[in-house]
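Here's the letter readout for the chains.
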Amino acid sequence: MTTKKKILLIDDDSDFLMATKLILESGGYEVFLAEDGKSGVEMVKSVSPDLTITDMMMETWGEGFTVVSKIRSIEAGKDMPLIMLSGVDLQGPYQSFEPPEESPKVDMLLHKPVKADDLLKYVKRLLDN
Amino acid sequence: MTEKTNKELILVIDDEESIRDGCRQALEKSGYAVITAENGEEGIRIAKERKPEIAFVDLKMPSISGTEVIDILSRDIPDIVLVIITGYASIVSAVESMKKGAYDYIPKPFTPDQLRAVVKRGFDHRNLKIEARMLRTEKEEMERNFITFVSHEMRSPLLVIEQYLEALRTVAGGCLDKNANDIIDRCNKRIHGLKALVEHWLDISRIESGVFATEKKPVDIPGIIMRGVEEMAPLYHIRELSIETDISEGIPEITGDEESLVRVIVNIMGNASKYTPGGGKVSIRARHDEYYVRISISDTGTGIPQEKLPFIFEPFYRVKGKKEEARGSGLGLNFCKRIMEAHGGKIEASSQVGKGTTFVLELPR
Ligand SMILES: Nc1ncnc2c1ncn2[C@@H]1O[C@H](COP(=O)(O)OP(=O)(O)O)[C@@H](O)[C@H]1O
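In order, the protein sequences belong to chains A and B. In terms of the working numbering, the first sequence is residues 560 to 688. In terms of the working numbering, the second sequence is residues 79 to 443.
Since the hints were made in silico from the structure, they are not lab data. We treat Cβ as the ideally placed atom computed from N, Cα and C, and that holds for glycine. Heads up, a few of these hints could be off.
Here are some, though not all, of the chain B residues that point toward chain A, as calculated from beta-carbon distances under 10 Å [said to hold, decoys possible]:
#1 Q103
#2 I124
#3 A210
#4 M212
#5 S234
#6 L237
#7 Y242
#8 E244
#9 L254
Only pairs whose alpha carbons sit at most 20 Å apart, straight line, appear in this in silico DMTMM-like list of lysine to aspartate or glutamate [unchecked claim]:
#10 A:K680 <-> B:E240
#11 B:K129 <-> B:D191
#12 A:K674 <-> B:D157
#13 B:K129 <-> B:E174
#14 B:K352 <-> A:D572
#15 B:K207 <-> B:E218
#16 A:K563 <-> A:D595
#17 A:K580 <-> B:D260
#18 B:K273 <-> A:E589
#19 A:K674 <-> B:E240
#20 A:K674 <-> B:D263
#21 B:K178 <-> B:D191
Simulated restraints on C-beta separations [unchecked claim]:
#22 A:L668 <-> B:T215: 57 to 63 Å
#23 A:D638 <-> B:G357: 53 to 59 Å
#24 B:F224 <-> A:D638: 52 to 58 Å
#25 B:K359 <-> A:S585: 42 to 48 Å
#26 A:D687 <-> B:G357: 26 to 32 Å
#27 B:G179 <-> A:D595: 51 to 57 Å
#28 A:S607 <-> B:I262: 33 to 39 Å
#29 B:E231 <-> A:D677: 24 to 30 Å
#30 A:S598 <-> B:G179: 53 to 59 Å
#31 B:G251 <-> A:L668: 26 to 32 Å
#32 A:S607 <-> B:E221: 45 to 51 Å
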């Protein structure tokens, strides 16, 4: 048996972390949790995850992108697959959403809530690449 | 004097030197800073540069007239208070200028005391105006924050519950029997209902705070109808309802917000599908005359009792129904009404119990 792949989850809602952790664990992954961007970035260094899932963090608009930039600037995070989750419907008629000019590389954008099957499917696909 | 730069600044635009000097003397004595201009062009240039609090403008001047000066200053210099100096107390042109944005007028000849009285009134008016604007901005800001706050606080827990239900199914997976899965489905349905309620309520708050429906662009009526039809087609298919459209040729564009108008059509079509039994039909017609464009949406559904009709546009009003699909927030039609009003239009309903209901949307061209 190979060792379990490591996934880091960054979200400021501890319940959302818990629910998503359960789903990922059912897929056989080892899951690490960070409740804010700062400790998330630290954990990329200390844990060296195979994949990271981060919230877009709506309260401080766009904070998720800052977190991703920081992750991308670390050796362990430079080429790691990264999924961003958004809590708002970006297709909606009145959300004036604009990602920052120099948007750092995100491999996939998913909307909350995420279907368990979808999440596991995309995670597997990104890890297999 | 250190407070020199803080002095309130008054501009006098008049081609008569004696008036400029007289005003300067009287007003400087009362502690104001005074600048003068001897014609309209110079006055406008100085005003844009120095942004005076009050400007006196002579109505009769060579080249640019006082009325034009007033027009430009009231448009370009926020909060400036404009006072007309009028030679032969000609009420007609004074009234004309007041319409254009002047606040007061002073007939020639005037005494220093009369002048100072007008200036004092002008400053009082200005302060009130600024204060009112600040209060308004503050109120709007609070409303906007409130919407953002509440939407986040209400949506987040719902989203987390949905995610937990997903996790529950994944974790418990095979252990769940049919009953347990049904319960999860029902939970999901109720969560969706609550989410829709939050969305509706947010839409309405957005209209109230002016965030919504403020886009004013040309809107193609057949276009928005087709967008509504396309969006609802899958649901109509499931509920076995047919859609019929009859859109006359040459319907003119109207001015408004396309997205919110599509929401209105989707809302009404959604209602029609909820209250019309399978096999029924929903017809959408669009017509126009000299003044209005009208879109009518009729269904062959259960109808609304006559005595209930006047209330259906009220927030949270719902005609009691037992059918599960007929659950709703009671905010949909209120939303539609507000959007229509924001467009200067209206929405009306007529109905016959057992036969069907027709909603008419009327938009000014
Ligand atoms: N097409 C229709 N046929 C019959 N009743 C309708 C129709 N549209 C609206 N109603 C009645 O008007 C009420 C208010 O509608 P609405 O504001 O959209 O709220 P809801 O979310 O309850 O549908 C509904 O509860 C329903 O009883």
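To see whether the hints hold, each was checked on the structure:
no.	hint	result
1	Q103	violated (55 Å)
2	I124	violated (40 Å)
3	A210	violated (28 Å)
4	M212	violated (25 Å)
5	S234	holds (6 Å)
6	L237	holds (5 Å)
7	Y242	holds (4 Å)
8	E244	holds (5 Å)
9	L254	violated (13 Å)
10	A:K680 <-> B:E240	holds (19 Å)
11	B:K129 <-> B:D191	violated (25 Å)
12	A:K674 <-> B:D157	violated (55 Å)
13	B:K129 <-> B:E174	violated (24 Å)
14	B:K352 <-> A:D572	violated (36 Å)
15	B:K207 <-> B:E218	holds (17 Å)
16	A:K563 <-> A:D595	violated (24 Å)
17	A:K580 <-> B:D260	violated (24 Å)
18	B:K273 <-> A:E589	violated (32 Å)
19	A:K674 <-> B:E240	holds (9 Å)
20	A:K674 <-> B:D263	holds (14 Å)
21	B:K178 <-> B:D191	violated (27 Å)
22	A:L668 <-> B:T215: 57 to 63 Å	violated (35 Å)
23	A:D638 <-> B:G357: 53 to 59 Å	holds (58 Å)
24	B:F224 <-> A:D638: 52 to 58 Å	violated (43 Å)
25	B:K359 <-> A:S585: 42 to 48 Å	holds (47 Å)
26	A:D687 <-> B:G357: 26 to 32 Å	violated (49 Å)
27	B:G179 <-> A:D595: 51 to 57 Å	holds (52 Å)
28	A:S607 <-> B:I262: 33 to 39 Å	holds (36 Å)
29	B:E231 <-> A:D677: 24 to 30 Å	holds (26 Å)
30	A:S598 <-> B:G179: 53 to 59 Å	holds (57 Å)
31	B:G251 <-> A:L668: 26 to 32 Å	holds (27 Å)
32	A:S607 <-> B:E221: 45 to 51 Å	holds (46 Å)
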